[in-house]
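Just so you know, the protein sequences line up as chains A and B, in that order.
Just so we're aligned: 107 in numbering that gives the first Met the number 0 is position 108 of the first sequence, and the numbers increase by one with no gaps anywhere.
Just so we're aligned: 11 in numbering that gives the first Met the number 0 is position 12 of the second sequence, and the numbers increase by one with no gaps anywhere.
Check before you lean on any hint, since a few could be wrong.
Identical chains share a label here; the pair holds if one copy fits it or two copies do between them.
[Said to hold, decoys possible] The calculated DSSO-like cross-link candidates involving lysine-lysine, where the alpha carbons are at most 30 angstroms apart (straight line), are:
(1) Lys149 x Lys4
(2) Lys106 x Lys88
(3) Lys23 x Lys106
(4) Lys89 x Lys202
(5) Lys202 x Lys4
(6) Lys88 x Lys60
What the hints contain is simulated information worked out from the structure, not anything from laboratory work.
Number of protein chains: 2
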Amino acid sequence: MVQAKVRLFVDHPLTQGQTVPLDKDQSNYLFAVMRLQIGAFVALFNGVDGEYQAEVTIANKRGGALICHAQSKPLQLPPDLWLIFAPIKKVRTDFIVEKAAEMGAAKIVPVSTNFTNSERIRQDRLQAHALEAAEQCGGTYVPEVTDLQKLDRLLAEWDETRQIMFCDEALVGAAEVLGAVQGDKWAILIGPEGGFSESERQKLHALPYAHPVSLGPRILRADTAAVAAMTVWQQHLGDWS
Amino acid sequence: MVQAKVRLFVDHPLTQGQTVPLDKDQSNYLFAVMRLQIGAFVALFNGVDGEYQAEVTIANKRGGALICHAQSKPLQLPPDLWLIFAPIKKVRTDFIVEKAAEMGAAKIVPVSTNFTNSERIRQDRLQAHALEAAEQCGGTYVPEVTDLQKLDRLLAEWDETRQIMFCDEALVGAAEVLGAVQGDKWAILIGPEGGFSESERQKLHALPYAHPVSLGPRILRADTAAVAAMTVWQQHLGDWS
């Protein structure tokens, strides 16, 4: 069977022989934009059942349908890694969410800090970005993007069995320390562009489950730091080795 | 002395007591956009002499001037690392150049490969992006962005003492191999979004100075791959440890 070139997330159970109806947007994309016809194959995933090769049975631009053939990938869960970051300008926030999904974050948590400028996010739009990134990068899992939370409050209610890799410009901790930490549950915390406030920094340093890690001698923008930090983590503790 | 908040690249020698004239764009930025006045401080760098704190002496929007006080940073050269990549859509190409400058590339080389869609770049615009990234990230060095070159030709004329870290989706080489390679001169080669052609792949695998490295089990977009690859390299061979 030829591998489908188009990948699509659907909010529908997937199993061999299953018929999957498409909504208007999905139908428009497949049949008007991509111009697929009856008999064409599309790779479907739903974040739960892995990936299936599905054949177009109704090519209607306002409401098509497909039927699932064989599973082409099992569900591949990412490591239990959260990415916590302070939203910045719109385009760069979109990029951070996209990159987190590509790099294998299980959950994406926007936070407001003392020095965060942007106080609002569109959770639905960011979730759609994570979904699109999963479609593009061949993932079978879509990380959840949470609503904006206050960092103080997030830390006050923290599950202490979840380790934090804490990236702060002022720090010089080598990434090698990560290998010595026990624990399967992690979160990466990226500082806001204005840096953490002194009280935030003190609080973070006092947490026994927070591990400072340096991202080199240059100042990185938040979106660069997110990718770099996830690379460091995936290399030392994740599924890259 | 208060550290200046504005950083500016100038194409002019810098030394204590030196007067630095500004062109129209720079003057407009400092005096119309940032509204600096006589006596305000700006951090200047020129890619050669390090960074100087300079005081505004003429605040004219069409042609101001500053005088250099003390040097605030010596010149910090990045490791001898090139980033070679195939240009993609405009915004993502801009991001790759910006990220390469932030992450400490010494030279940025756009190449066309067999499967590259975008055949043209604006070298001057990309060079301006690298410069702006250096201004923002506190760098004292601006990597050169070369004109678009053909990958075949670049490899045919290659200096064989420069090692290549070769990132290819189809590969599974662990980054640990890098530590065993002798050589101070390196280039990272990021595959185009359509992948390398079979003949390109064979040619690369036959080169004794090309070292395949995996960037994990997910497919990364070219801009994500560029940051991830530079992180891997900086951690193993660069100035991050």
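Here is what the structure says about each hint:
Only between protomers do Lys149 and Lys4 lie at most 30 angstroms apart by alpha-carbon distance; the minimum there is 28 angstroms, versus 41 angstroms within a single protomer. Proximity of Lys106 to Lys88 under the C-alpha cut-off of 30 angstroms is found in both arrangements, the shortest distances being 20 angstroms within a copy and 28 angstroms between copies. Within a single copy, Lys23 and Lys106 get their C-alpha atoms as close as 28 angstroms, which meets the 30 angstroms cut-off; across copies the closest is 47 angstroms, which misses it. Taking CA atoms no more than 30 angstroms apart as the test, Lys89 paired with Lys202 passes inside one copy only; the shortest distance there is 28 angstroms, against 41 angstroms between copies.
Proximity of Lys202 to Lys4 under the C-alpha cut-off of 30 angstroms is restricted to the inter-copy arrangement: shortest distance 27 angstroms between copies versus 48 angstroms within a copy. Taking the shortest Cα distances, Lys88 and Lys60 sit within 30 angstroms of each other only across copies (28 angstroms), while inside one copy they are farther apart (35 angstroms).
The structure meets every hint from the earlier list without exception.
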